[in-house]
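S.K.: As a plain string of letters, each chain reads:
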Amino acid sequence: MKVLVFAPELCDAQLGCEETCSLTWFKEANHDKSAIRILEAEGRTGKYTANVCTQCGQCIDVCPTLAIQRDKRGVVRINKDLCVGCLSCVGFCPYGAMRMHPDYTVPFKCVACGSCAKSCPTGALAVLDLPDAPLTATEKRLLGGV
Amino acid sequence: MENLLMKDGHHRLLAEFRYTPPKVERGYANQTLFVDVSNNTIAARPVDERTKRTFIGGRGFGLWLLWNAVKGTTRWNDPENEVILSSGPIGGTTVYPGAGKSIAVSLSPLTETVVDSNVGGYFGPLLKFAGWDAIELQGIAEEEVIVFIDGNQGLVQILTAPHESSDSYVLPGQIVDLFAQSPEERRAVSSVTSGPGAEHSLMGCLNVSFYDVRRQFVRLKQAGRGGIGTVFRHKKVKALVVKYVGVKGDSNVPADYADLASVGSKMHREICEQDPLMNDMRGGGTTMLTRIMNDFDLLPVHNYRFGSHPEAKNLYKSEFTPYFSLGIPDGCWYGCTLACARCVDRLTPRTGPYQGQVVHVDAPEYETVAAVGSNCGIFDPHAVLEANFYCDLYGIDTISYGTALAFAMECYETGILNPERAGGLDLRFGNAAAMLELLHQMASGTGFGPTFGLGVRRMKRIFAEKYGADPRFLLDIGMECKGLEYSEYVSKESIAQQAGYGLANKGPQHDEAWLIFMDAVSKQIPTFEDKAEALHYFPMFRTWFGLNGLCKLPWNDVEPADNKKVHSPRVAARVPEHVGNYIRLFKAVTGRQDVNEPEDLVRMSEPAYNFQRLFNLKMGYGTREHDAIPYRSMGPVTVEEYESRAERYDSQLREVDIDPQGKSTLEKVALLRAHREKRYQLLVDAVYRRRGWTADGIPTLETVRRLEIDYPDVLDLLKQHNVQ
Ligand code: SF4
Ligand code: SF4
Ligand code: SF4
Chain Y
1 MKVLVFAPEL CDAQLGCEET CSLTWFKEAN HDKSAIRILE AEGRTGKYTA NVCTQCGQCI
61 DVCPTLAIQR DKRGVVRINK DLCVGCLSCV GFCPYGAMRM HPDYTVPFKC VACGSCAKSC
121 PTGALAVLDL PDAPLTATEK RLLGGV
Chain H
147 MENLLMKDGH HRLLAEFRYT PPKVERGYAN QTLFVDVSNN TIAARPVDER TKRTFIGGRG
207 FGLWLLWNAV KGTTRWNDPE NEVILSSGPI GGTTVYPGAG KSIAVSLSPL TETVVDSNVG
267 GYFGPLLKFA GWDAIELQGI AEEEVIVFID GNQGLVQILT APHESSDSYV LPGQIVDLFA
327 QSPEERRAVS SVTSGPGAEH SLMGCLNVSF YDVRRQFVRL KQAGRGGIGT VFRHKKVKAL
387 VVKYVGVKGD SNVPADYADL ASVGSKMHRE ICEQDPLMND MRGGGTTMLT RIMNDFDLLP
447 VHNYRFGSHP EAKNLYKSEF TPYFSLGIPD GCWYGCTLAC ARCVDRLTPR TGPYQGQVVH
507 VDAPEYETVA AVGSNCGIFD PHAVLEANFY CDLYGIDTIS YGTALAFAME CYETGILNPE
567 RAGGLDLRFG NAAAMLELLH QMASGTGFGP TFGLGVRRMK RIFAEKYGAD PRFLLDIGME
627 CKGLEYSEYV SKESIAQQAG YGLANKGPQH DEAWLIFMDA VSKQIPTFED KAEALHYFPM
687 FRTWFGLNGL CKLPWNDVEP ADNKKVHSPR VAARVPEHVG NYIRLFKAVT GRQDVNEPED
747 LVRMSEPAYN FQRLFNLKMG YGTREHDAIP YRSMGPVTVE EYESRAERYD SQLREVDIDP
807 QGKSTLEKVA LLRAHREKRY QLLVDAVYRR RGWTADGIPT LETVRRLEID YPDVLDLLKQ
867 HNVQ
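Chain order of the listed sequences is Y and H. So in the numbering used here the end of the first sequence lands on 146, straight run, no missing numbers. So in the numbering used here the end of the second sequence lands on 870, straight run, no missing numbers.
Honestly, the hints are just simulated from the structure, not real lab data. Some clues are possibly wrong.
Here are the simulated DSSO-like pairs of lysine-lysine, each with C-alpha atoms no more than 27 Å apart in a straight line [as the list claims (entries may be wrong)]:
#1 394/H x 33/Y
#2 809/H x 33/Y
#3 394/H x 80/Y
#4 169/H x 733/H
#5 47/Y x 2/Y
#6 33/Y x 412/H
#7 394/H x 27/Y
Residues from chain H that face chain Y, not an exhaustive set, calculated with beta carbons under 10 Å [what the hints assert, rightly or not]:
#8 241
#9 360
#10 413
Derived list of chain Y stretches under chain H, where covered just means 3 residues or more per stretch with a C-beta under 8 Å from a C-beta of chain H [claimed, not checked]:
#11 37-46
#12 60-67
#13 99-109
Virtual Cβ for every residue (Gly too), placed ideally from N, Cα, C.
Start from the sequences, fold in the hints, and give me the full structure.
M.R.: Listed below in structure tokens is the structure:
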């Protein structure tokens with residue numbers, strides 16, 4: 001599965017990634033509409049962490065309408081037509097990486113498109129192909145397992 | 147749509163009404179739908195601002211519409227009686243947990259006055275998005291009909307339905323097949339149905355459906371209390387169906403979506419973190435209560451004689467969870483992350499029409515477990531699940547069923563009933579086979595079913611008149627008030643709960659007040675004034691949920707991590723942060739700016755609450771004599787009961803300066819009784835005062851004026867009762 005990964009030692013917190021993300025997906029430079037957030041690491045000035053979706057898939061089991069599913073690249077995606085805007089996924093993401101913005105009723109998250117990685121001058125971001133996450137209860141059920 | 151249904155030749159179109167679906171505004175569609183199946187008329191009725199202000203929605207709208215539809219002489223089986231369903235302004239919100247309830251209102255066959263019952267499932271929200279704040283169903287059809295509302299096309303139809311099953315296991319699935327035109331549309335269809343048990347008894351329930359996209363079958367939630375399913379089937383309505391495609395996070399068109407989304411996602415987070423540490427509702431719904439109730443001697447056993455039983459552990463959550471399929475977002479409406487609507491995907495009934503087949507059952511609530519389980523001395527989880535399955539399918543309220551059966555079992559064990567009088571059944575406590583057989587008798591209207599299905603109040607009369615039973619004994623042990631069977635808590639040690647049951651508008655259901663812990667365990671409301679205050683605050687506060695289309699569970703079945711740390715126990719019981727959430731929620735949806743304090747929510751409920759009390763008065767009830775409760779709910783009726791907790795009762799006698807030494811148990815039973823009955827009346831006095839009612843329990847003129855429910859017919863009613 002494709003996952004956006006972050007190398008903290010390379011980050012200089014220019015936040016170009018956030019701007020690129022919101023421009024790519026919402027046509028506007030707005031940090032509140034970015035799926036990736038660069039934050040100062042707790043208690044460590046000058047060190048940064050990225051809060052971004054790990055594609056773990058846990059939100060798939062939370063969505064009441066099956067709007068969240070994994071695509072062929074292994075990326076967890078929201079089908080806007082099926083989404084009823086309940087924001088359960090926002091509350092239940094273990095990483096706080098499913099986001100919402102009051103301009104929209106459908107939440108959003110990183111889909112490992114790689115735009116931010118391309119724009120990062122220091123090479124702190126990359127989309128990698130990682131081993132697949134274990135199947136969620138929903139995926140097993142849809143495969144006819146349970 | 148009409149073509150599809152007409153084509154099969156089975157569904158004749160009896161009436162059709164076209165409308166332009168209005169845009170919902172700040173939680174209201176601003177019109178209600180009137181359907182009369184006697185003469186096949188369909189009409190839209192506007193909702194005015196005063197009605198919204200006074201009655202808010204949901205139960206309030208139901209009360210107001212029904213009040214205007216019936217006279218004081220109308221009976222439950224008259225055509226003028228209605229079945230009304232309405233959600234409420236917040237209903238249909240998807241971002242806050244528990245915001246999809248509907249409230250059903252009707253004249254009850256059991257209580258002969260107005261009753262309300264709340265229910266999950268998608269009906270109420272979809273009805274609103276289809277353009278209707280409520281539906282009033284009046285009349286009695288000549289033949290079986292389905293009422294269908296298509297909220298996208300703007301179409302209401304009355305169709306004949308001669309061939310569909312009336313069994314609520316099959317029918318809701320047939321409805322989805324009929325009305326969903328693609329697999330994606332299945333979750334856009336919700337129905338209201340009942341069943342054959344409702345046709346042959348007075349304790350019929352309504353089943354409200356939602357389509358489960360993971361399990362790929364239709365699920366049901368019940369409006370159980372008060373026999374509304376009986377009214378529904380008496381109207382020869384097989385199903386009410388609504389279809390609306392296109393639910394979104396802002397379908398309710400809130401005034402302030404940003405704040406709504408913020409308070410909603412905060413609450414989801416809290417449930418994610420706190421529910422596993424607290425009640426684990428996501429793991430087993432309300433079944434966790436059995437253990438708590440048994441531990442505190444509050445679990446009804448053998449018709450409420452006792453509060454615990456050594457075998458109760460067989461009905462603990464741990465005995466049910468192996469049946470449940472977990473890991474599924476089991477909310478009864480979108481976005482309910484408390485997700486208590488668990489499901490048993492595979493059960494093989496041992497009796498009845500589905501014997502030996504694999505079926506699915508909507509998992510039992512605590513109430514069902516205690517009603518058909520411990521209260522009847524049945525400690526077999528499979529039997530409880532099977533009873534739950536058949537009750538839903540037959541359209542029977544599990545609570546009335548269990549409580550009435552516990553009464554019949556006690557009558558059987560005391561010789562009032564015998565196999566000949568009880569349809570050949572051996573109704574000893576603990577006989578699970580008889581418990582299930584009686585359900586089948588009820589559904590087919592055979593054996594003991596028809597008598598039993600009349601409920602506890604009427605059985606008492608029949609047993610006294612026909613079998614010469616001692617009417618005073620029956621009065622003491624028959625657990626009903628106002629004609630409605632008790633829900634499943636032993637209230638003997640909490641006088642506040644006794645009044646919570648006795649003063650509840652619709653009859654003894656705990657949804658108005660659940661004060662046992664506060665009163666008897668943690669002793670937070672010691673004086674009569676404290677208790678009266680709690681009996682004002684909580685019933686009003688809980689009424690507020692029913693006006694708005696909300697579920698009560700996310701209010702206090704999960705709490706912020708610091709709730710008990712930052713607040714004293716008495717304040718913590720109100721869960722202030724959640725009350726704050728509800729204020730935000732209400733403002734964000736309706737845009738009303740005059741609702742800021744917890745007291746504002748209580749004030750918002752008072753008009754509808756008092757109006758319901760007056761409705762009871764209009765129907766010939768609603769006064770002090772109808773708030774009398776059976777002594778079994780107050781204290782030990784029999785020597786056996788007294789002696790089972792002799793130490794407790796003896797010491798209570800000593801507290802009031804009665805020396806139990808040397809007295810016979812019978813004498814002690816009588817002394818304790820005199821004391822407790824007196825206290826009950828004193829508390830009733832205090833509550834009436836606090837609520838602004840006369841000593842006979844009627845809202846005073848001043849109260850009615852203050853609440854702006856001083857309609858001319860209300861003033862006439864007060865005059866008739868000499869309230870000046
Ligand atoms: S949004 Fe959260 S829960 Fe969903 S896949 Fe990403 S990290 Fe996992
Ligand atoms: S907000 Fe949309 S994607 Fe998220 S859980 Fe709700 S319906 Fe699913
Ligand atoms: S808590 Fe349970 S009953 Fe209440 S809305 Fe959620 S799923 Fe439905």
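S.K.: All the hints need checking, so say for each whether the structure fits it.
M.R.: Results of checking the hints against the structure:
no. : hint          : result
1   : 394/H x 33/Y  : holds, 20 Å
2   : 809/H x 33/Y  : violated, 78 Å
3   : 394/H x 80/Y  : holds, 10 Å
4   : 169/H x 733/H : holds, 19 Å
5   : 47/Y x 2/Y    : holds, 25 Å
6   : 33/Y x 412/H  : holds, 18 Å
7   : 394/H x 27/Y  : holds, 23 Å
8   : 241           : holds, 5 Å
9   : 360           : holds, 6 Å
10  : 413           : holds, 7 Å
11  : 37-46         : violated (count 0)
12  : 60-67         : holds (count 6)
13  : 99-109        : holds (count 4)
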